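If you read the protein sequences in the order shown, they are chains R and P. Under this note's numbering, the residue at position 103 of the first sequence is numbered 494, and the numbers go up by one with no gaps. Under this note's numbering, the residue at position 40 of the second sequence is numbered 57, and the numbers go up by one with no gaps.
No lab work stands behind these hints: they were computed from the structure. Honestly, I wouldn't trust all of these hints.
Some chain P residues near chain R, calculated using beta-carbon distances under 8 Å [as the list claims (entries may be wrong)]: (1) Gln-28; (2) Ser-31; (3) Leu-87; (4) Gln-94; (5) Ala-99; (6) Leu-101; (7) Asp-102; (8) Arg-103.
The following label-pair restraints were derived from C-beta to C-beta distances [unchecked claim]: (9) R:Glu-499 to P:Gly-267: 48 to 58 Å; (10) R:Ala-495 to P:Gly-242: 44 to 54 Å; (11) R:Glu-522 to P:Gly-214: 32 to 42 Å; (12) R:Gly-441 to P:Gly-60: 26 to 36 Å; (13) R:Glu-522 to P:Ser-21: 51 to 61 Å.
These numbers come from a predicted model, not from an experiment. A virtual CB, placed ideally from N, CA and C, is assigned to each residue, including glycine.
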Amino acid sequence: MTGLAGALLLAGACLCMGGAAAGRLRARVRLLRQFEGALELMERELSYAGTEVPELLEKLSGPTEAGAFFRRCAGGLADPDRPPLSRLWRDGLEGLPLGEGERALLEEAGQVLGRYDSAGQCAALGRVREELAAARRSAEEERDRMGRVYWTVGGATGLLLVILLT
Amino acid sequence: MSVSWEGRFEQAASLLPRHLRQGLFSLPPEQKARTEEIRLRTGRPVSLNIDGRETGVPGGPAVTEGDLRLVLELASQSSVHAVLDRIRSGFLTLPGGHRMGLCGTVAVRDGAVESVRHLTSLNIRVAKEVRGAAEPVLPRLLEGGTLLSTLIVSPPGGGKTTLLRDLIRLLSQGGAAEPMRVSVADERGELAAVYRGMPQMDLGPHTDVLDGCPKAEGLTMLLRGMGPQVLAVDEVTARGDLRALMDAAGCGVSLLATAHGAGAEQLRQRPLYRLMLREGLFRRLVVIHREGGQRRYEVEVL
Chain R
392 MTGLAGALLL
402 AGACLCMGGA
412 AAGRLRARVR
422 LLRQFEGALE
432 LMERELSYAG
442 TEVPELLEKL
452 SGPTEAGAFF
462 RRCAGGLADP
472 DRPPLSRLWR
482 DGLEGLPLGE
492 GERALLEEAG
502 QVLGRYDSAG
512 QCAALGRVRE
522 ELAAARRSAE
532 EERDRMGRVY
542 WTVGGATGLL
552 LVILLT
Chain P
18 MSVSWEGRFE
28 QAASLLPRHL
38 RQGLFSLPPE
48 QKARTEEIRL
58 RTGRPVSLNI
68 DGRETGVPGG
78 PAVTEGDLRL
88 VLELASQSSV
98 HAVLDRIRSG
108 FLTLPGGHRM
118 GLCGTVAVRD
128 GAVESVRHLT
138 SLNIRVAKEV
148 RGAAEPVLPR
158 LLEGGTLLST
168 LIVSPPGGGK
178 TTLLRDLIRL
188 LSQGGAAEPM
198 RVSVADERGE
208 LAAVYRGMPQ
218 MDLGPHTDVL
228 DGCPKAEGLT
238 MLLRGMGPQV
248 LAVDEVTARG
258 DLRALMDAAG
268 CGVSLLATAH
278 GAGAEQLRQR
288 PLYRLMLREG
298 LFRRLVVIHR
308 EGGQRRYEVE
318 VL
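Bound conformation, chain R alone:
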């Protein structure tokens, strides 16, 4: 009986690991979509209203993961001993579930934000957004393909362990 319970626990753990791996893929897609939306809003605000960056970051702050990133950046700007915005931005990206290429793309956005005229920033942000959209589509494909694989592998490993241990 104890062996069966242990085997079932192991099977559950394997299934959870598979689910967590699939969840990371979903989170990455969700985050990329949030950043795409944020970049689009930034372009609109910069081109139509010339909104200042602190106000822009406040507007983008919210309950989502990207929103938390923008809130961290906005908070950093309020510190009189802060480093340049580009560094706050880059540091804020650390730890987010993004691929290296996607992180590098977003770092580029941080390099131009607030440093050039509105048109120049919009052009750069627009290019980053387009490339981010391509990265998101590719991440969606990976999520659809690999997400199922992770669930299946997790489930199958768990089942195998149950058979082997009972």
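Here the structure of chain R is known, so what remains is to put chain P in place on it, guided by the hints.
Relative to the frame of chain R, chain P by itself:
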């Protein structure tokens, strides 16, 4: 409004990165209060302009281009696009009414200044609101309770804006005469130093400020919309400004303006001002002389 001059110095210096401002914050209070400008040049330590003379801050580190970029970023709230027109005109207005001049390699497009890149020096001019500076002058500018149109003249840094600001405040609050409605065309944001919609300088209770608008258009807008008794403008330099001032004078509005120059004779050598004086636009000329750190005001009848 009641910030001490020492406090104003610290407010202006707080824009500097910590390693540059530490030396400034430890200066004696009297030195802080007398500082007119904080100057930063790449490869040199920070220096201060005190009573018209520049002195280095001992023991300070050399300023780097990265330091200058960071100061500009802090001054512009990381939003160069929002202050680009000010950068093109050579300086920014800072919180507290201080102003920051920029030097570097200028990027030009179609013959016009596009931006300044590769900064080489910055000059933070500490805002000095000298309340009461205009009190000895004002009675000589009034006739029958009305302000006679007045032009204030001095070389750059002579105190024109300070005097104009206090004249506006005194006219607006009344005392020497009935309070007057004063409209200010503050193209460069130096008079009221509006920062995020809030004037940083006291221009009196009956003063309306049009901030950031080109002077000629601003004067016309104020004349049409605000019903001023006095129109004030800093640094008249273009024919368009002169035309707008003439229109205003034709409507019975008193004028207050400033110009760079050493005196009436020097002004008459310049075509714009010669025309201005010939047309009888101004009835009084205030020339500011600087003698041993003190300012003396000479009023001429035109």
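Classify the hint on P:Gln-94 as holds or violated, based on whether any CB of chain R lies nearer than 8 Å to its CB.
Nearest chain R Cβ about 5 Å off; hint holds.
Does the CB of P:Ser-31 sit less than 8 Å away from some CB of chain R?
Cβ of P:Ser-31 sits 6 Å from chain R, so the hint holds.
Status of the given 26 to 36 Å range, CB of P:Gly-60 versus CB of R:Gly-441
holds (34 Å)
P:Leu-101 as chain R interface residue, shortest Cβ-Cβ below 8 Å
With Cβ-Cβ at 6 Å, under 8 Å, it holds.
Would you settle whether the hint for P:Asp-102 is holds or violated, based on the nearest Cβ-Cβ distance to chain R being less than 8 Å?
violated (10 Å)
Given the hint of 44 to 54 Å, check if R:Ala-495 and P:Gly-242 actually sit that far apart at their C-beta atoms.
holds (51 Å)
Restraint satisfaction for P:Gln-28 [CB to CB of chain R, less than 8 Å]:
violated (11 Å)
Grab the minimum C-beta distance from P:Leu-87 to chain R and call the hint holds if it beats 8 Å, violated otherwise.
For P:Leu-87, the interface hint holds, since the closest Cβ of chain R sits about 6 Å away, which is under 8 Å.
Could you see if the CB distance from R:Glu-522 to P:Gly-214 stays within 32 to 42 Å?
holds (38 Å)
When the nearest CB of chain R is found for P:Ala-99, is that gap smaller than 8 Å?
With Cβ-Cβ at 5 Å, under 8 Å, it holds.
Whether the CB-CB distance between R:Glu-499 and P:Gly-267 falls inside 48 to 58 Å
holds (56 Å)
Given hint P:Arg-103 near chain R, where the shortest CB pair must fall under 8 Å
violated (13 Å)
Consistency with the previously given hints fails for numbers 1, 7 and 8, ordered from lowest to highest.
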